[in-house]
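Visitor: Protein chains in written order, with the working numbering: chain A, 287 to 660; chain B, 2 to 120.
Relax, there's no trap hidden among the hints.
Chain B is faced by these chain A residues, among others (derived, beta-carbon under 7 Å):
hint: 1; residue: ILE322
hint: 2; residue: MET323
hint: 3; residue: PRO586
Worth flagging that the hints you see were computed from the coordinates, not collected in a lab. Beta carbons are placed, not taken as given, at the ideal position from N, Cα and C, and that holds for glycine.
The residues making up each chain are set out below.
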Amino acid sequence: MSDLKITPLTELHRGLGAKMVPFAGYLMPVQYPMGIMKEHLHTRQKAGLFDVSHMGQVILRGDSYSAVAEAFERLIPMDVLGLPEGRQRYGVFTNDAGGIEDDLMFANRGDHLFVVVNAACKDADIARIKAALEPAITVEQVVDRALIALQGPRAEAALEALVPGVAAMRFMDVATFSYNGAELWISRSGYTGEDGYEISIPEAVTASFASALLEHPEVEPIGLGARDSLRLEGGLCLYGHDIDADTRPLEAALGWAIQKVRRPGGAREGGFPGAAKVFADLNGAAPRKRVGLRPDGRAPMREGVELFASAEGGAPIGRITSGGFGPTVGGPVAMGYVNRDYATPYTQIFGELRGKRMPVTIATLPFVAANFKR
Amino acid sequence: MKYTEEHEWLLVDGDIVTVGITAHAAEQLGDVVFVELPEVGGEVTKDDEIVVIESVKAASDILAPLDGEVVEVNDAIVDEPSKVNDDPEGEAWFFKLKVADMSPMDDYMDEAGYKSFIG
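Here chain A stands alone, though its shape is the one from the complex (with noise of 0.2 Å):
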């Protein structure tokens, strides 16, 4: 376990009762004394605290803000030229074959962009983002915040009381506060389907800021259990799991996040890594989709058990890249890919569990409806 790296809250979380596991090269904390299910349900009725300090910030610089939105729009298909000072968008990378290197959030903040990406990607992601845009753009990796986040109905209440003026955000706003004469740069985002924050905030401040907040009457902390489970009712994709390089986009169900000035007859039309491969799943074409499924018994299905059109023979026809409880839903939910002619929302199909092919329905997701401010 040594050679695992710690976050400036890994004291903390060990004493408030954590159960740390490796995850991603970092030690962090799987859940705490309250359980996944409690604080899994105490995140969707009033605020959780999760430490995601894992994760990769990186800041790219140019000659101005559009300078590096033009460059950084070669490697991902979003509209990043287009999106607003003060504003964040979903992204994914893209690979030559149109498959999903990483996904990804970034911010114009201003004279920069800021973009924050999974741990388990980020040396990887930082390599693609230098390669490609070196030397006009300068990548900078962000190695002295910790990243935290604070999500739940509640999460407005507890964050405005020690940072005034967090509650005027509306979701997917950027902007930067102060704490104690430190500077946070705060997001209205997430990965739990609830409102909320992400606060990157320098290392030294992390712990008093943290502790600052757990003294809210309604803020627990919340470990990456439960933040698995929030993020499957939500219908969030895990990299690695749900998208990864061999999946595109569309197929991953993620249309929504390539804009109309990027897709085929836009201004800046294609221009990123497999655009072409991308851009032939259009209009439905995709082979695959990425559905919910609600298992109809109650036992949970999870990654890769396989789905079936019959309850029995055939060959498989998809399968489960995220499944569990839901404790919100209060029943087994899942996420994975169908051929395409078995996606359609209500379509009943198989999943074999134990031998067994047992009912599952395709769902729309996300199985617990959003609370974001927008």
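For chain A, the structure is supplied; the task is to place chain B on it using the hints.
Guide: Structure of chain B alone, referenced to chain A:
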């Protein structure tokens, strides 16, 4: 009370053995959300996987500790799996086996042995 290395507890009453999982096992599993029990009347062989337990974290199973016939199962934990976390060594027993040959019981741990086994 006897204990297996699979973290089951076994309570013998005449030729009936009641089987559950230990508090330690329940704690390690986390919140239990699904339990599948064997059919009453079924004959089981030692080490058969006869129970499925799913927690929020993972799936696991319970092995038959002895050869025998399933004479009763605890449907209450199927209806309300969280009972397994609330009272694993009491109300949340899993099944009862009618056993002809109790001799394998000698191989299982007593309470002191199990305590040292889980450290």
